[in-house]
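K.L.:
Sequence:
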Amino acid sequence: MSPLHGEVISDKGILGPSYLSRARRETVNSQAALVAGRDAGTVKDESILVEIGAHPICSKMIKAALGSHIQALPSLRRNEDAWKVLAKSLSSLYLAGLDIQWKKYHRDFIHALRVLQLPSYHWDSKDYWIQYSNDFCLTKGDEKPAAISAALVSANSMLSTSSVQRVLEQQLGDEKSTLVIESDLHHPSLSSSLYADIALTVADYLLQAAKTDTKGIGMDVSDMTVNKPLIATGNGPQLVRASASADWNARRVLINFYSVTGDGKKTVDHAICTVDFENTDGWLKEWRRNAYLIRSRIDSLEQGVEQGQVKRGLAYKLFGALVDYGQCYQGMQEVTCAMQVPELVGLWRELFFTSCFLENPCNQAEELLYLR
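If you read the sequence shown in our numbering, its first letter stands for residue -7, the second for the next number, and so on.
For the record, the hints were derived by calculation from the structure and aren't laboratory data. Virtual Cβ for every residue (Gly too), placed ideally from N, Cα, C. You may find that some hints are simply not true.
Unchecked claim - Lysine-lysine pairs mimicking DSBU-like chemistry, simulated, CA-CA at most 30 angstroms apart:
1) Lys80 with Lys95
2) Lys55 with Lys36
3) Lys257 with Lys168
4) Lys207 with Lys168
5) Lys96 with Lys76
6) Lys220 with Lys277
7) Lys168 with Lys96
8) Lys258 with Lys207
9) Lys277 with Lys203
10) Lys52 with Lys80
11) Lys80 with Lys36
12) Lys168 with Lys258
13) Lys277 with Lys257
As the list claims (entries may be wrong) - Label-pair ranges, simulated between beta-carbon atoms:
14) Asn21 with Asn71: 27 to 33 angstroms
15) Leu246 with Lys76: 31 to 37 angstroms
16) Leu306 with Ile223: 41 to 47 angstroms
17) Lys76 with Met216: 30 to 36 angstroms
18) Asn21 with Lys95: 39 to 45 angstroms
19) Ser60 with Gln109: 34 to 40 angstroms
20) Ser13 with Ile49: 18 to 24 angstroms
21) His103 with Tyr284: 51 to 57 angstroms
22) Ile102 with Thr34: 33 to 39 angstroms
23) Ala74 with Ile102: 48 to 54 angstroms
24) Asp273 with Leu246: 22 to 28 angstroms
25) Gln109 with Ser39: 51 to 57 angstroms
26) Leu160 with Lys95: 46 to 52 angstroms
Turn these sequences into a full structure, and let the hints steer you where they fit.
P.N.:
This is the structure:
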């Protein structure tokens, strides 16, 4: 398409030094050339034009002559990064179906290329089969009433334990993951060791969902800060939520505990803590370095002249003045204590990973020192 002649050039011998000289000096008619190109079929509605120059000047003129539907892409743009402009134009050409020779495009920077880590799909543990249950024959998959739907969502949550009763939100990624859970403080199965159990349960759930090798990884709850205590009040539901944000590069989960109203409005921030994913081999090495000190103190207590041994019944009778522990929470089998120094050795039963029956006796042993 020749702006000098205002038409499409198809014959040989027209373009040459004299033509270029005239095109630089004489008046041109770009609009006529563009219209002629459209009429001749050189430019079609689906054509993509690439402007070669320091700034897109002709693109607006092309759209004014042929219509705004014509796609004109720049190669450079004033006051913008050249690589960003070029990459955006190449992306548009690729999406339009053109075969881009990427090896030639990257040939000068082949050593700077890297493979992008795309988000993974987390559908391995999901069941997409429609379950024929309840009144399915009547509703045929239609929406249930609000009360029934809420119950089904709670029952079918991927994560449901005594302390983490239902999942409200979750976003799982390779670098960041977030999770929001909710529990009823008045639910009979709720653990008394609420914060620690929720923290470990949520962190373990996010770790399993990350699709990484969990062998040799341990969870350490730390930096527990309680700003306002969580106190059970009255009867009926009392909802508490925990929001967790995992940073997989830092191998850490930040958890925030707060109360909400029945409609989900936040009322009080209670506590925050972090869960660090660490190598359990390091824990064992640290324990081996200090184990002899702890064992020697245990032996010293057991062999001391003024030692006293308290069986389970008597130990929990001492607690009776302050609090009554149920049978399942009475995890201490026997207590050995020195009367001159505040040291104590306890033997517990039923050691679970995150069981409140383990966490409570550990706290009880510490409280027993203060009762002395």
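K.L.:
Each hint should be assessed against the structure and marked as holding or not.
P.N.:
Taking the hints in turn, this is what the structure says about them:
| no. | hint | verdict |
| --- | --- | --- |
| 1 | Lys80 with Lys95 | holds, 17 angstroms |
| 2 | Lys55 with Lys36 | holds, 12 angstroms |
| 3 | Lys257 with Lys168 | holds, 25 angstroms |
| 4 | Lys207 with Lys168 | holds, 21 angstroms |
| 5 | Lys96 with Lys76 | holds, 18 angstroms |
| 6 | Lys220 with Lys277 | violated, 37 angstroms |
| 7 | Lys168 with Lys96 | violated, 35 angstroms |
| 8 | Lys258 with Lys207 | violated, 37 angstroms |
| 9 | Lys277 with Lys203 | holds, 27 angstroms |
| 10 | Lys52 with Lys80 | holds, 18 angstroms |
| 11 | Lys80 with Lys36 | holds, 22 angstroms |
| 12 | Lys168 with Lys258 | holds, 24 angstroms |
| 13 | Lys277 with Lys257 | violated, 46 angstroms |
| 14 | Asn21 with Asn71: 27 to 33 angstroms | holds, 31 angstroms |
| 15 | Leu246 with Lys76: 31 to 37 angstroms | holds, 34 angstroms |
| 16 | Leu306 with Ile223: 41 to 47 angstroms | violated, 31 angstroms |
| 17 | Lys76 with Met216: 30 to 36 angstroms | violated, 45 angstroms |
| 18 | Asn21 with Lys95: 39 to 45 angstroms | holds, 41 angstroms |
| 19 | Ser60 with Gln109: 34 to 40 angstroms | holds, 38 angstroms |
| 20 | Ser13 with Ile49: 18 to 24 angstroms | holds, 22 angstroms |
| 21 | His103 with Tyr284: 51 to 57 angstroms | holds, 53 angstroms |
| 22 | Ile102 with Thr34: 33 to 39 angstroms | holds, 36 angstroms |
| 23 | Ala74 with Ile102: 48 to 54 angstroms | violated, 19 angstroms |
| 24 | Asp273 with Leu246: 22 to 28 angstroms | holds, 25 angstroms |
| 25 | Gln109 with Ser39: 51 to 57 angstroms | violated, 37 angstroms |
| 26 | Leu160 with Lys95: 46 to 52 angstroms | holds, 47 angstroms |
In the structure shown, a violation is registered for the earlier hints numbered 6, 7, 8, 13, 16, 17, 23 and 25, in ascending order.
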